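Novice: Using the hints, position chain H against chain R.
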Amino acid sequence: MVLENYVILQAGIPARVHFTDHVIERRTTTDPGTGRPTSRNVLVFEVDKLNGKDVFAKYSIMAEKHAGQFSPYLEDKSYRGYDFIITKQGEGYLTSWSVTVIPKT
Amino acid sequence: MAQKSRQVEVRMVAEYLKETYPQYPFINKQPLGKVPEELMTALGYKRAVGMTRPFRPEVDAVVIMPGALILVEAKVWNIVNGLAKLPLYKSLVPFTPELKEYQKLPIVMELVVGWTNPNLEIMARDAGVTVRVFCPSWLGEVVESQHRYWTREYRVEREEKLRMRELFGVE
Numbered sequence: 027m028v029l030e031n032y033v034i035l036q037a038g039i040p041a042r043v044h045f046t047d048h049v050i051e052r053r054t055t056t057d058p059g060t061g062r063p064t065s066r067n068v069l070v071f072e073v074d075k076l077n078g079k080d081v082f083a084k085y086s087i088m089a090e091k092h093a094g095q096f097s098p099y100l101e102d103k104s105y106r107g108y109d110f111i112i113t114k115q116g117e118g119y120l121t122s123w124s125v126t127v128i129p130k131t
Numbered sequence: 648m649a650q651k652s653r654q655v656e657v658r659m660v661a662e663y664l665k666e667t668y669p670q671y672p673f674i675n676k677q678p679l680g681k682v683p684e685e686l687m688t689a690l691g692y693k694r695a696v697g698m699t700r701p702f703r704p705e706v707d708a709v710v711i712m713p714g715a716l717i718l719v720e721a722k723v724w725n726i727v728n729g730l731a732k733l734p735l736y737k738s739l740v741p742f743t744p745e746l747k748e749y750q751k752l753p754i755v756m757e758l759v760v761g762w763t764n765p766n767l768e769i770m771a772r773d774a775g776v777t778v779r780v781f782c783p784s785w786l787g788e789v790v791e792s793q794h795r796y797w798t799r800e801y802r803v804e805r806e807e808k809l810r811m812r813e814l815f816g817v818e
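Chains as they are written, first to last, in my numbering: chain R, 27 to 131; chain H, 648 to 818.
Check the hints yourself; a few may be wrong.
What the hints assert, rightly or not - Here are the computed lysine-lysine pairs in the DSS-like style, where the Cα-Cα straight-line distance is at most 30 Å: (1) H:K751 x H:K737; (2) H:K737 x R:K114; (3) R:K91 x H:K737; (4) R:K91 x H:K722; (5) H:K751 x H:K681; (6) H:K747 x H:K722; (7) H:K722 x R:K103; (8) R:K130 x H:K665; (9) R:K91 x H:K665; (10) R:K114 x H:K681; (11) H:K751 x R:K114; (12) R:K114 x H:K665; (13) R:K79 x H:K747; (14) R:K114 x H:K747; (15) R:K103 x R:K79; (16) R:K91 x H:K747; (17) R:K84 x R:K130; (18) R:K75 x H:K665; (19) H:K665 x H:K693.
Please keep in mind that the hints were generated in silico from the structure rather than gathered at the bench.
Please read all numbers here as calculations on a predicted model, not as lab measurements.
Chain R on its own, in the form it takes in the complex (with noise of 0.2 Å):
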């Protein structure tokens, strides 16, 4: 078991993770454009794998654009039924996410 409370993502290294639950949360952060507080919605993920270890850690996401890839899996939870792995890429706006969804067999 690996204690790990956040899975961080670096770029251009792929993250294979298991999901077990979710939330989301609304949360206040610092705007980085403005430094002023603002207030989103953030889908926080239980992850219990975690490149093939036994993890109890969260991943937490908060841009609108890889939320969306995990949507149609939120509703019935059925996320639990795949492994993904992440790979992010690039920084700031320009960041984006290649996301490879395998079936658990």
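Specialist: Only chain H this time, still in chain R's reference frame:
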């Protein structure tokens, strides 16, 4: 009215893939094309792939089936652009290092749209692209607003809205 900033196409492609190919692995936002050999030798595979990512075209998804590789491009707006991109993307697959192990598979091109029309079907047939209409109820609203955009009623409504904004000094 739905706006482009709502990431409609991201949700559309994710739902389409889950409904249509639930039993097969797929890759969202797959970059395509060559990564220079010299860069791979100098920096290693992972760093070279990461560095070239912003300069490589990206297909919405690649579905890996036992007998075929399916390139999927989803479009709500500018659907002809989506159609035009697919044959070009297909030409890059043999040079894509991430897809090296699937290069013997035949490639199928799929354009996923919220609505279709006879001219799109003619062009798609000619380009060897399959058109799939995928329009869940939430997307229907988007498609409808897109069609309304060009009507006289909507134009008048829009002009009135702009006039009121100007009158009240609203940005």
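Novice: Each of the hints needs a verdict: does it hold here or not?
Specialist: These are the hints, each one checked on the structure:
Restraint check for K751 of chain H and K737 of chain H: satisfied, since their Cα atoms lie roughly 13 Å apart, inside the 30 Å limit. Distance check on the hinted pair: K737 of chain H and K114 of chain R sit about 24 Å apart at the alpha-carbon level, within 30 Å; holds. Distance restraint check for K91 of chain R and K737 of chain H: the Cα-Cα separation of roughly 25 Å lies within the 30 Å cut-off, and the hinted pair is therefore satisfied. This hinted pair checks out: K91 of chain R and K722 of chain H have alpha carbons roughly 15 Å apart, not beyond 30 Å.
Restraint check for K751 of chain H and K681 of chain H: the C-alpha separation of about 17 Å stays at or below 30 Å, so the hint holds. Restraint check for K747 of chain H and K722 of chain H: the C-alpha separation of about 27 Å stays at or below 30 Å, so the hint holds. Of the pairs offered as hints, the one joining K722 of chain H and K103 of chain R holds, with about 26 Å between alpha carbons and a cut-off of 30 Å not exceeded. For the suggested pair K130 of chain R and K665 of chain H, the alpha carbons sit about 14 Å apart, so the restraint of at most 30 Å is met.
The straight-line distance between the Cα atoms of K91 of chain R and K665 of chain H is roughly 17 Å, inside the 30 Å bound, and the hint therefore holds. For a cut-off of 30 Å, the pair hint linking K114 of chain R to K681 of chain H stands: about 19 Å separates their Cα positions. For a cut-off of 30 Å, the pair hint linking K751 of chain H to K114 of chain R stands: about 28 Å separates their Cα positions. A C-alpha spacing of about 21 Å is found between K114 of chain R and K665 of chain H, which places the hinted pair at or below 30 Å, so the restraint holds.
Distance check on the hinted pair: K79 of chain R and K747 of chain H sit about 27 Å apart at the alpha-carbon level, within 30 Å; holds. Pair hint K114 of chain R plus K747 of chain H holds up; C-alpha atoms about 21 Å apart against a cutoff of 30 Å. With a CA separation close to 21 Å, the supplied pair K103 of chain R and K79 of chain R stays within the 30 Å bound. Under the criterion of a C-alpha separation no larger than 30 Å, the hint pairing K91 of chain R with K747 of chain H is consistent with the structure, at around 27 Å.
For the hint pairing K84 of chain R with K130 of chain R, the CA-to-CA distance comes to about 20 Å; that is within 30 Å, so the pair holds. Restraint check for K75 of chain R and K665 of chain H: satisfied, since their Cα atoms lie roughly 22 Å apart, inside the 30 Å limit. Annotation: proposed proximity of K665 of chain H to K693 of chain H holds, straight-line Cα distance about 28 Å (limit 30 Å).
Hint compliance for this structure: every hint is met.
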